[in-house]
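S.K.: Chain B: place on chain A using the hints.
2 protein chains.
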Amino acid sequence: MGGSLARAVKEAGLPWHVRGLARDPATRRAALAAGAVDEACATAAEAARGADLVVIALPVRVIPDAARDLAPHLAPGTVVTDVGSTKAVLTRRVEDLLPPGVHFVGGHPIAGTEESGFAASFAGLYRGARCLLTPGASATPEAVASVRDLWESVGMRVEVMDAATHDRILAVISHLPHVVAYALVNAAARADASLPGLLSYTGGGFRDFTRIAASHPAMWRDICLDNRDEVLRALDEFLAEAGRLRSLIAAGDGAGLEEAFAAARVVRRSLAPAPPRAEDRP
Amino acid sequence: MGGSLARAVKEAGLPWHVRGLARDPATRRAALAAGAVDEACATAAEAARGADLVVIALPVRVIPDAARDLAPHLAPGTVVTDVGSTKAVLTRRVEDLLPPGVHFVGGHPIAGTEESGFAASFAGLYRGARCLLTPGASATPEAVASVRDLWESVGMRVEVMDAATHDRILAVISHLPHVVAYALVNAAARADASLPGLLSYTGGGFRDFTRIAASHPAMWRDICLDNRDEVLRALDEFLAEAGRLRSLIAAGDGAGLEEAFAAARVVRRSLAPAPPRAEDRP
Numbered sequence: 001m002g003g004s005l006a007r008a009v010k011e012a013g014l015p016w017h018v019r020g021l022a023r024d025p026a027t028r029r030a031a032l033a034a035g036a037v038d039e040a041c042a043t044a045a046e047a048a049r050g051a052d053l054v055v056i057a058l059p060v061r062v063i064p065d066a067a068r069d070l071a072p073h074l075a076p077g078t079v080v081t082d083v084g085s086t087k088a089v090l091t092r093r094v095e096d097l098l099p100p101g102v103h104f105v106g107g108h109p110i111a112g113t114e115e116s117g118f119a120a121s122f123a124g125l126y127r128g129a130r131c132l133l134t135p136g137a138s139a140t141p142e143a144v145a146s147v148r149d150l151w152e153s154v155g156m157r158v159e160v161m162d163a164a165t166h167d168r169i170l171a172v173i174s175h176l177p178h179v180v181a182y183a184l185v186n187a188a189a190r191a192d193a194s195l196p197g198l199l200s201y202t203g204g205g206f207r208d209f210t211r212i213a214a215s216h217p218a219m220w221r222d223i224c225l226d227n228r229d230e231v232l233r234a235l236d237e238f239l240a241e242a243g244r245l246r247s248l249i250a251a252g253d254g255a256g257l258e259e260a261f262a263a264a265r266v267v268r269r270s271l272a273p274a275p276p277r278a279e280d281r282p
Numbered sequence: 001m002g003g004s005l006a007r008a009v010k011e012a013g014l015p016w017h018v019r020g021l022a023r024d025p026a027t028r029r030a031a032l033a034a035g036a037v038d039e040a041c042a043t044a045a046e047a048a049r050g051a052d053l054v055v056i057a058l059p060v061r062v063i064p065d066a067a068r069d070l071a072p073h074l075a076p077g078t079v080v081t082d083v084g085s086t087k088a089v090l091t092r093r094v095e096d097l098l099p100p101g102v103h104f105v106g107g108h109p110i111a112g113t114e115e116s117g118f119a120a121s122f123a124g125l126y127r128g129a130r131c132l133l134t135p136g137a138s139a140t141p142e143a144v145a146s147v148r149d150l151w152e153s154v155g156m157r158v159e160v161m162d163a164a165t166h167d168r169i170l171a172v173i174s175h176l177p178h179v180v181a182y183a184l185v186n187a188a189a190r191a192d193a194s195l196p197g198l199l200s201y202t203g204g205g206f207r208d209f210t211r212i213a214a215s216h217p218a219m220w221r222d223i224c225l226d227n228r229d230e231v232l233r234a235l236d237e238f239l240a241e242a243g244r245l246r247s248l249i250a251a252g253d254g255a256g257l258e259e260a261f262a263a264a265r266v267v268r269r270s271l272a273p274a275p276p277r278a279e280d281r282p
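Top line first, the protein sequences correspond to chains A and B.
First residue of the first sequence: 1, per the numbering used here; consecutive thereafter.
First residue of the second sequence: 1, per the numbering used here; consecutive thereafter.
The set of hints was computed from the structure by calculation and includes no laboratory data.
A few chain A residues that face chain B, going by a derived Cβ cut-off under 7 Å, partial list only:
no.: 1; residue: ASN186
no.: 2; residue: GLY203
no.: 3; residue: PHE206
no.: 4; residue: ALA214
no.: 5; residue: PRO217
no.: 6; residue: LEU225
no.: 7; residue: LEU235
no.: 8; residue: ILE249
no.: 9; residue: GLU258
Built from N, CA and C at the ideal position, the CB exists for glycine as well.
Excised from the complex, chain A in its bound form (with noise of 0.2 Å):
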């Protein structure tokens, strides 16, 4: 995701001096190649110091820490935003270690693949892509505005909206179909052990349905922890229905079957075609 702004940013032509933060030497050298920073730091103090605004481009799960190793070399007035797929409890959890000053601006730029690392950065990214901006109670409009800039600067829709907001709606597009999809390949490689080479048979619409459940399991164990509240709500919801399916065809309810498959459809067509590839991520 760093990697990816660093690009853009540079691609753009944008006036800023970036700097990227990455622990692997590698990383610093293939960044510097490749000309996406201005300058590669290997710390925290060297990447923070005198920065305006500082992205933790990080998984959910480390943002925290990467939060708690800035804090001491952030200016008051400096402005900071990650890339988080969960918002309200990490927004909480980042402004309680960051220092009086520093405004926070939680962000959450709805693109990625399923790859990660410098290596599969590429400029394009972000381009038509929506990115939803969630400010802490530290955020001022200036910070806010600051952080729409950025990510506008790069190609992508932004939209500003309360934390709480923000992960129930991400609870429901995206973490609800992830455990389902990882539930539901569960539940095949059972039957597969059951029925030897079930699972051979699977054509592209299984494949497609499931496609999501190779997505990093720690990254999404911490996505569930994180916004707990919200996917249990939405996966009740989805239990639920599933289970109200359930009892019309146990019934053979053949008319309550086809209206509910006959709603969902009208819902699925109403969808917007997706953009080309750059909205995978959660």
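M.R.: Same frame as chain A, now just chain B:
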């Protein structure tokens, strides 16, 4: 399904006399004009008279109706097959309708698109995809061989299994995912009703995941009811696993959750990549 089969038979240069049965005169004209059939018939009597092999290329629900229409016109020794997505209950129902001496071999070419009708047909539909045959009680080895020959001639990989095994496999890898996708879309729609605009945030992940919820409601109603026992069994296995994941999330059991997600990822990654676009049908 029938139009694509007829086109494929002709394109393969097979020396068979092909009759197509269609109620709609426009379809008959189109099939003749495309060179897909040698004769375009308007009635079961015309189509069945003297046929060696009859393919009922219709959705599950109307296959028995077609068998009933054809029955009086089928001579002993005729082989009948179908393309239905369920097999055990359907095979018994069809065999009850066919006259003695007619051999029924259940068929399920696992190919297709979300489109239907002759206008959507194309000769390459079946090439490289799998076809499962489930011989009925009335099937002879010769009857099975002739149906196998048909599908292999248009490029399918044919496999013979019993109808119960077919129905178990398809319930898990196809029917269950459809029910789950319908449930997920309905649950998301209900969430959208309480938080208007929620669905507008769906990205490629949600859209890929729910694409099959745009499938034909009546067709999937029929499949779920026809294969009810196996669909309920697969659904219960899935609901048990989804419930287990729910408990892990509720308990904040990060280790258990990561293990469950990682297991699914290993299974999902072990699936062979889907062939290009040919296997999207139930």
